[in-house]
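Chains A and B are the protein sequences, given in the same order.
So for the first sequence, the working numbering puts the first residue at 11; every next one is plus one.
So for the second sequence, the working numbering puts the first residue at 11; every next one is plus one.
Don't take each hint at face value.
Identical copies look the same in the list; a pair holds intra-copy or inter-copy alike.
Pairs of lysine to aspartate or glutamate residues, derived as EDC-like cross-links and limited to a Cα-Cα distance of at most 20 Å, are as follows [to be verified]:
no., residue 1, residue 2
1, LYS118, ASP340
2, LYS28, GLU103
3, LYS15, GLU159
4, LYS118, GLU426
5, LYS365, ASP262
6, LYS28, ASP65
7, LYS328, ASP297
8, LYS15, ASP262
9, LYS355, GLU344
10, LYS15, ASP102
11, LYS355, ASP311
12, LYS203, ASP188
13, LYS203, GLU180
14, LYS418, ASP469
Hint data in this document are derived by calculation from the structure and do not stem from the laboratory.
Predicted, not measured: the structure shown is a model, and the values here were computed from it.
There are 2 protein chains.
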Amino acid sequence: MERSKIAALINSAQPIDKILVKGWVRTRRDAKSFSFIEINDGSCLSNIQVIADDDLPDYDQVRKLTTGSAVAVTGELVASKGGGQRWEIRADEFTVFSLAPESYPLQKKRHSDEFLRSMAHLRPRTNKYGAAFRIRSELSFAVHQFFRERGFRYIHTPIITGSDCEGAGELFRITTLDLMNVPQRDRAVDYAKDFFATEANLTVSGQLSAEMFALSLGDVYTFGPTFRAENSNTRRHAAEFWMIEPEMAFCDLNGNMDLGEAFIKASVRFIIENCQEDLNLFARFVDKTLMTTLENIVRSDFERLPYCEAVAILEHAKKKFEYPVHFGSDLQTEHERYLTEKHFKKPVIVYAYPKSIKPFYMRMNDDNETVAAMDVLVPSIGELIGGSQREERLEVLENRMDEMGLPKEPYWWYLESRRYGTVEHSGFGLGFERLLMLVTGIRNIRDVIPFPRTPGSIDF
Amino acid sequence: MERSKIAALINSAQPIDKILVKGWVRTRRDAKSFSFIEINDGSCLSNIQVIADDDLPDYDQVRKLTTGSAVAVTGELVASKGGGQRWEIRADEFTVFSLAPESYPLQKKRHSDEFLRSMAHLRPRTNKYGAAFRIRSELSFAVHQFFRERGFRYIHTPIITGSDCEGAGELFRITTLDLMNVPQRDRAVDYAKDFFATEANLTVSGQLSAEMFALSLGDVYTFGPTFRAENSNTRRHAAEFWMIEPEMAFCDLNGNMDLGEAFIKASVRFIIENCQEDLNLFARFVDKTLMTTLENIVRSDFERLPYCEAVAILEHAKKKFEYPVHFGSDLQTEHERYLTEKHFKKPVIVYAYPKSIKPFYMRMNDDNETVAAMDVLVPSIGELIGGSQREERLEVLENRMDEMGLPKEPYWWYLESRRYGTVEHSGFGLGFERLLMLVTGIRNIRDVIPFPRTPGSIDF
Chain A
11 MERSKIAALI NSAQPIDKIL VKGWVRTRRD AKSFSFIEIN DGSCLSNIQV
61 IADDDLPDYD QVRKLTTGSA VAVTGELVAS KGGGQRWEIR ADEFTVFSLA
111 PESYPLQKKR HSDEFLRSMA HLRPRTNKYG AAFRIRSELS FAVHQFFRER
161 GFRYIHTPII TGSDCEGAGE LFRITTLDLM NVPQRDRAVD YAKDFFATEA
211 NLTVSGQLSA EMFALSLGDV YTFGPTFRAE NSNTRRHAAE FWMIEPEMAF
261 CDLNGNMDLG EAFIKASVRF IIENCQEDLN LFARFVDKTL MTTLENIVRS
311 DFERLPYCEA VAILEHAKKK FEYPVHFGSD LQTEHERYLT EKHFKKPVIV
361 YAYPKSIKPF YMRMNDDNET VAAMDVLVPS IGELIGGSQR EERLEVLENR
411 MDEMGLPKEP YWWYLESRRY GTVEHSGFGL GFERLLMLVT GIRNIRDVIP
461 FPRTPGSIDF
Chain B
11 MERSKIAALI NSAQPIDKIL VKGWVRTRRD AKSFSFIEIN DGSCLSNIQV
61 IADDDLPDYD QVRKLTTGSA VAVTGELVAS KGGGQRWEIR ADEFTVFSLA
111 PESYPLQKKR HSDEFLRSMA HLRPRTNKYG AAFRIRSELS FAVHQFFRER
161 GFRYIHTPII TGSDCEGAGE LFRITTLDLM NVPQRDRAVD YAKDFFATEA
211 NLTVSGQLSA EMFALSLGDV YTFGPTFRAE NSNTRRHAAE FWMIEPEMAF
261 CDLNGNMDLG EAFIKASVRF IIENCQEDLN LFARFVDKTL MTTLENIVRS
311 DFERLPYCEA VAILEHAKKK FEYPVHFGSD LQTEHERYLT EKHFKKPVIV
361 YAYPKSIKPF YMRMNDDNET VAAMDVLVPS IGELIGGSQR EERLEVLENR
411 MDEMGLPKEP YWWYLESRRY GTVEHSGFGL GFERLLMLVT GIRNIRDVIP
461 FPRTPGSIDF
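Excised from the complex, chain A in its bound form (with noise of 0.2 Å):
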């Protein structure tokens, strides 16, 4: 008999004569001649409720069960006459293939967030991680599914790199030499004994890899693991997190903006649409505001203003901010989220950034000042979304480069795009767990990873 999922039988029309369900005891309940066992498989929030009567054949060892036990239950889908819940199991047949010990660290109580973070391989096991993870697949499935719909290819892109996108340093080293014995040559590292023959890093971002493609097949993204070797120990950095990256030919920075607004919308869109049950767990239990913030941002027009009226606003904000603004500057956290959250109550896009705070690759506007850079910021958040377009001009993009001292040997690939057929092209990184923070309201990167990745943490 195949078993079937919880999250079947929850939402089935009828009563079924007999089911098989297999999962974990989440709670047991004695009366006088019967048990009351909470059952999750993890395929939903909800538990099913099976009723166990005394005279089972292995009604002693029902008796037994513990929390974090595994079960076999085969029995009739009834209504249920108790609150709660539609449906309840009548069980005929109880199979035991585990008993958790009372040492079993997650007893039905409430658990820090810290807690559970030290026991990363069973806190998926519990009603807020479950869902979190949960929401956080339907999210990419999202992803996929917006992208493939309006026709943009899936690329990916290398992790491992020769070159450093942002020239921003902060980068993970890889090698296979021998570190107790690494070999010199001219008082150096001698890397043409590593497994690449060169130096070799983790990627930072998929981008240039990824103008590549949009050079040739048009509209492409990348979804995919990138690393920053950032020694900072906040609720919103990681040393690996995942990036989408769309790239578009032919497209502007208005496309750019166009698009990054349409994703924000479609995404949190189909977690309101597909992921009910467990959204509702977040807006009741960790962030009352949750749904206000979700709408808001579905139904708003976002607001799209040029950097120089970002900082005219903040400069003339009633606020004090802990780092002060004027033009030039690079704006902060405590910033973005002023102008979204308080000045304008709902998602901004701001563009034309000083090119002086921006990497080499985005495209110099006429005024030779700025650059058509964007960033979407959103309530909560702050920064969700990282855009421009980029430079297509060869002569422009090698002076920039001169500029800013950067060599361009390593370059010779990205720069012959610009020698063979340069159109314009457009887009942006959007870190997905921030995305994911949004959706769900969770404060910390760390409780939206499987197994998160910090300075001095890696365990699992």
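Based on these hints, arrange chain B on the given structure of chain A.
Leaving out everything else, chain B in the frame of chain A:
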């Protein structure tokens, strides 16, 4: 005016008065009073033919168009009088974004795969590689759709790990230590000073992490990059490749085989149904037997036989193998291909392998000699899937680790999953690039990866 993609135009149901197309010139042929220009925009294999009359405003620009130049065309979509295409565009306006110089490497002629590998940034602009990477994108989507329809959750298991799943070595080390000045302590590298305060490597498999989620959420899968620092230059090996790893709670080896068979069939069927045009290219120019191979896979019941029977067949085979076979030897590609291509002439699942050639986590059979492992072998590839039922009995697992000399401390969390509510569970790993090689007939793994990483090779 919004641009139309060529993929949409070639399937248009009727003529269209006014359209805008943007793309790259593949060829230009001049007649006396007009020119034919073939344009491709990467949305599909087909070009669209444009007819530019000499009374166009910028007709002298048109006469300069070279292969690889980027253009925009507005005009009318009309039925084509020539053979070979249903629709063509009668241009009324031509904009040249950029002219490709004569040095553009992708002139209209056949280029070798080796040559194109040296320009991985341009090769997706060719018919063959455009088709390969469109199929890669569609096949990725097929993976997600297959699992989601069956209620599986997608899990992002970590790329940076402290553990070595297979215990097989061949690891890439990750570090932020200064390699010119590696800190030491007690005559060893002082990893306490490294980013994660311990040794860190690139993952070789997400399985152990995925098991934790199967034992929480039920059915899960991973689909992400994995790494092998294997210093071998073969057509089948890359240092970085993508793996698909489903893991199912309450599932034994038979269920595992069923899933593997269903997955391969569904993937092949998806490509046959959704990538007809691109697939035809491979069937015509790359592998004449491709469609026969694929249809055989979709139609066959996969043969299932224990390892000992497979060995007996190989021992009695007339073919002389490079590596002789006996009970206890690992099957080589030549053996796998003999079984699936010559002997059974269809996909084969070999199960119950000797424990001596399999990793510690596979479930011990009652004979205490073989484990509940299974490999799926397919024509033209050999091993496509390797999987097993996992050892869920704590004591048996610990004994096996002792037998193999594995330290238990790094696996404390893995062992805990057997202490708390352990249940039978199974899963497998499938190399995504091998699946792609199967469906395209491409014989070199370097040619199905956007920017392949192999020993000594990390360009782009």
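Hint-by-hint comparison with the structure:
1. LYS118 to ASP340: neither (46 Å within a copy, 48 Å between copies)
2. LYS28 to GLU103: Within one copy, since 11 Å is at most 20 Å while 70 Å is not.
3. LYS15 to GLU159: between (30 Å within a copy, 13 Å between copies)
4. LYS118 to GLU426: between (61 Å within a copy, 19 Å between copies)
5. LYS365 to ASP262: within (17 Å within a copy, 59 Å between copies)
6. LYS28 to ASP65: This pair counts as within: shortest intra-copy Cα distance 18 Å, inter-copy 78 Å.
7. LYS328 to ASP297: This pair counts as neither: shortest intra-copy Cα distance 27 Å, inter-copy 70 Å.
8. LYS15 to ASP262: This pair counts as between: shortest inter-copy Cα distance 17 Å, intra-copy 47 Å.
9. LYS355 to GLU344: within (14 Å within a copy, 65 Å between copies)
10. LYS15 to ASP102: within (18 Å within a copy, 60 Å between copies)
11. LYS355 to ASP311: within (11 Å within a copy, 59 Å between copies)
12. LYS203 to ASP188: both (10 Å within a copy, 17 Å between copies)
13. LYS203 to GLU180: between (23 Å within a copy, 16 Å between copies)
14. LYS418 to ASP469: between (40 Å within a copy, 14 Å between copies)
Going down the numbered hints, you'll see the structure goes against 1, 7, while the others check out.
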